[in-house]
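**Student:** Residue numbers (the UniProt record's numbering), protein chains in the order written: chain A, 1 to 112; chain B, 1 to 443.
Hints are not guaranteed to be accurate.
[Stated by the list, open to error] Subject to a maximum C-alpha distance of 25 Å in a straight line, what follows is the list of computed DSS-like cross-link-like pairs (lysine-lysine):
#	chain 1	residue 1	chain 2	residue 2
1	A	Lys-28	B	Lys-184
2	A	Lys-95	A	Lys-28
3	B	Lys-185	A	Lys-95
4	A	Lys-95	A	Lys-73
5	B	Lys-185	A	Lys-28
[Unchecked claim] Computed Cβ-Cβ distance ranges for the label pairs, DEER-style:
#	chain 1	residue 1	chain 2	residue 2	range
6	A	Asp-21	B	Asp-200	26 to 36 Å
7	B	Ala-189	A	Ser-54	25 to 35 Å
8	A	Tyr-23	B	Val-365	38 to 48 Å
9	B	Ala-373	A	Phe-69	51 to 61 Å
10	A	Thr-57	B	Ala-189	29 to 39 Å
11	B	Glu-377	A	Ile-44	46 to 56 Å
12	B	Arg-182	A	Gln-34	33 to 43 Å
13	B	Ala-373	A	Leu-81	26 to 36 Å
14	B	Asp-31	A	Leu-81	49 to 59 Å
15	B	Arg-406	A	Arg-107	32 to 42 Å
16	A	Gly-103	B	Asp-200	14 to 24 Å
Hints in this document: simulated from the structure, not taken from any laboratory. Virtual Cβ for every residue (Gly too), placed ideally from N, Cα, C.
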Amino acid sequence: MAEYMILLFDDETAWAEASPDEYDRIFKAHGRFQEQCAELGGRIVSSGALQPTSTATSVRGDVVTDGPFAETKEALGGYYLIDAQDLDQALAIAKLVPVLRGGVEVRPIMVF
Amino acid sequence: MTPDPRSRPDRGDAFHGGVGDAAYVRSAIEDAHRREWAFVLAATARVAGDLDLAEECVQDAYLAALDAWTRQGVPSSPGAWLTTTARRRALDVCRRRRTLRDKLPLLVEPEPALEGVDAGDGPDCAAVPDDRLRLIFTCCHPALAGEAQIALTLRLVCGLTTRQIAHAFLVSEATMAARVTRAKKKIAAARIPYRAPDADELPDRLGRVLSVIHLAYTTAHTDPTGAELMHRDLAARAIDLARMLLALMPDEREVRGLLALLLLTDARAAARIDAQGRLVLLEDQDRDRWNRGFIEEGTGLVARALRGGRPGRYALQAAIAALHDEAVSYQDTDWPQIVELYDVLMRVWPSPVVALNRAAARSMVYGPQAALAEIAELEQHAARAKADSLAGYRYLAAAKADLLRRLGRTEEAVLTYRQALELTEGTAEREFLLRRLRELGAG
Numbered sequence: 001m002a003e004y005m006i007l008l009f010d011d012e013t014a015w016a017e018a019s020p021d022e023y024d025r026i027f028k029a030h031g032r033f034q035e036q037c038a039e040l041g042g043r044i045v046s047s048g049a050l051q052p053t054s055t056a057t058s059v060r061g062d063v064v065t066d067g068p069f070a071e072t073k074e075a076l077g078g079y080y081l082i083d084a085q086d087l088d089q090a091l092a093i094a095k096l097v098p099v100l101r102g103g104v105e106v107r108p109i110m111v112f
Numbered sequence: 001m002t003p004d005p006r007s008r009p010d011r012g013d014a015f016h017g018g019v020g021d022a023a024y025v026r027s028a029i030e031d032a033h034r035r036e037w038a039f040v041l042a043a044t045a046r047v048a049g050d051l052d053l054a055e056e057c058v059q060d061a062y063l064a065a066l067d068a069w070t071r072q073g074v075p076s077s078p079g080a081w082l083t084t085t086a087r088r089r090a091l092d093v094c095r096r097r098r099t100l101r102d103k104l105p106l107l108v109e110p111e112p113a114l115e116g117v118d119a120g121d122g123p124d125c126a127a128v129p130d131d132r133l134r135l136i137f138t139c140c141h142p143a144l145a146g147e148a149q150i151a152l153t154l155r156l157v158c159g160l161t162t163r164q165i166a167h168a169f170l171v172s173e174a175t176m177a178a179r180v181t182r183a184k185k186k187i188a189a190a191r192i193p194y195r196a197p198d199a200d201e202l203p204d205r206l207g208r209v210l211s212v213i214h215l216a217y218t219t220a221h222t223d224p225t226g227a228e229l230m231h232r233d234l235a236a237r238a239i240d241l242a243r244m245l246l247a248l249m250p251d252e253r254e255v256r257g258l259l260a261l262l263l264l265t266d267a268r269a270a271a272r273i274d275a276q277g278r279l280v281l282l283e284d285q286d287r288d289r290w291n292r293g294f295i296e297e298g299t300g301l302v303a304r305a306l307r308g309g310r311p312g313r314y315a316l317q318a319a320i321a322a323l324h325d326e327a328v329s330y331q332d333t334d335w336p337q338i339v340e341l342y343d344v345l346m347r348v349w350p351s352p353v354v355a356l357n358r359a360a361a362r363s364m365v366y367g368p369q370a371a372l373a374e375i376a377e378l379e380q381h382a383a384r385a386k387a388d389s390l391a392g393y394r395y396l397a398a399a400k401a402d403l404l405r406r407l408g409r410t411e412e413a414v415l416t417y418r419q420a421l422e423l424t425e426g427t428a429e430r431e432f433l434l435r436r437l438r439e440l441g442a443g
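I would like the entire structure built from these sequences, with the hints used as guidance.
**Tutor:** Structural data, given as structure tokens:
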């Protein structure tokens, strides 16, 4: 097994404008995702949702600035750290991660 | 490992011919390179667990063959000899690495079960599983960029050097080397599995493999004079690949369709370029120079590829190519049936390029005026869609210019040929457009 980080990217304005029904749909989908991941043979090691980039603070050397490290239309909004057999299994799991408009990026965790 | 006399690659009775005959041995090695590379590498990759190491071991095995075969003669099954030698080297390296790791307890990690691999695979290839499909599908994995898929396939499945691939794709060797290295690193780091896809993913995954082979062929075919020899070789390799894939997946109709398409297109390759290296259009080609063997084989394949359900894009394109190949002359071509096939193709695989080709075929049935109207529509559509920029597609301008020429609208034709020229890079194609301009008195 190997660990993969699934990074969720989404349009923050879309989230801000989402209806209560849409919120509800996505949250429920995240609840189901746990089971679906296990059904596919993977395991969620940890996960988290991030507060919007308006709450972000960047630090480069000694300089502290307000805002995210890189301004992008679709911002990092959450993550799942999973354990999977190989990339095919990780991608099959990643396809089930609920997002509003955006998508996810799958990165293998480096093994030392 | 205890050497087993039955399985040693240098056992004498399996060898024949060529002892001390350097030229004979060299040609046997070249032949084995072309025929067996994919099998040997695929079988070694499973033992090595790493494509880089596998490739290194296979290269070593081919080098070792030069010396061993000169001394002992060419083995009766060169592929088996090479496979055994390469796999043995891979096992040795893996063992050494493991020993090294055992001495560094901090770095110990779970080891893939090496013991399951039979170190003493005999020269009998039947003992070694055919892993070529695994290799092909790994090279064409959707997590790799399209240009990396084609580079890896040519390098790992066909055994071409980075230099050869770079030459074919008109990029520097350094660029191509970086592309291949990055792809191999990703396969290892992201653990892209060494396996053929399951039935549910097969249609999508197979589609990628077919398009890689098709792209390898069209790269060779587009500018046949660009890098002459390499391009003819690349075309031949693409046909080899399609042939190999069909042997491995005989029930896949689109694989059959692709091989048919390549053969039926390549049948005309010799007649496409004249003695001066100029491009010759289909209507002006000397049909006696077409490769009858390829046409016969291709038409046989296409007949089977079309049967048994909705035909795929490659089978349909092959059927169109077959109608061209079977026609006695350009005028006597079965244009109405070609138009019908393009209509079906548009439903199966809608694309602006297909629409353009259909317009050209319709001009042969309904006249250039009707086709011109259709092309104008395509242009408008392309302008609206923007993303799908057929406007920048050189064949659109060339096809339009040809219709204008046939309608006697010389001034507009000249203008449009010049547009096509601006979009064209290939030497032979440029030369053709310039010739047309000269013929219209606008050289």
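**Student:** Against each hint, give a clear statement of whether it holds in the structure.
**Tutor:** So, going through the hints one by one against the coordinates:
1. A:Lys-28 with B:Lys-184: Violated - the C-alpha atoms of B:Lys-184 and A:Lys-28 are around 39 Å apart, more than 25 Å.
2. A:Lys-95 with A:Lys-28: holds, 16 Å
3. B:Lys-185 with A:Lys-95: Holds: B:Lys-185 and A:Lys-95 sit about 23 Å apart, inside 25 Å.
4. A:Lys-95 with A:Lys-73: Holds, at about 21 Å.
5. B:Lys-185 with A:Lys-28: With Cα atoms ~37 Å apart, B:Lys-185 and A:Lys-28 exceed 25 Å; violated.
6. A:Asp-21 with B:Asp-200: 26 to 36 Å: With a Cβ separation near 32 Å, A:Asp-21 and B:Asp-200 satisfy 26 to 36 Å, so the hint holds.
7. B:Ala-189 with A:Ser-54: 25 to 35 Å: holds, 34 Å
8. A:Tyr-23 with B:Val-365: 38 to 48 Å: violated, 58 Å
9. B:Ala-373 with A:Phe-69: 51 to 61 Å: holds, 54 Å
10. A:Thr-57 with B:Ala-189: 29 to 39 Å: 31 Å Cβ-Cβ, so the 29 to 39 Å window holds.
11. B:Glu-377 with A:Ile-44: 46 to 56 Å: holds, 52 Å
12. B:Arg-182 with A:Gln-34: 33 to 43 Å: About 34 Å separates the Cβ atoms of B:Arg-182 and A:Gln-34, which means 33 to 43 Å holds.
13. B:Ala-373 with A:Leu-81: 26 to 36 Å: violated, 58 Å
14. B:Asp-31 with A:Leu-81: 49 to 59 Å: holds, 51 Å
15. B:Arg-406 with A:Arg-107: 32 to 42 Å: Hint violated: Cβ distance 56 Å, outside 32 to 42 Å.
16. A:Gly-103 with B:Asp-200: 14 to 24 Å: holds, 21 Å
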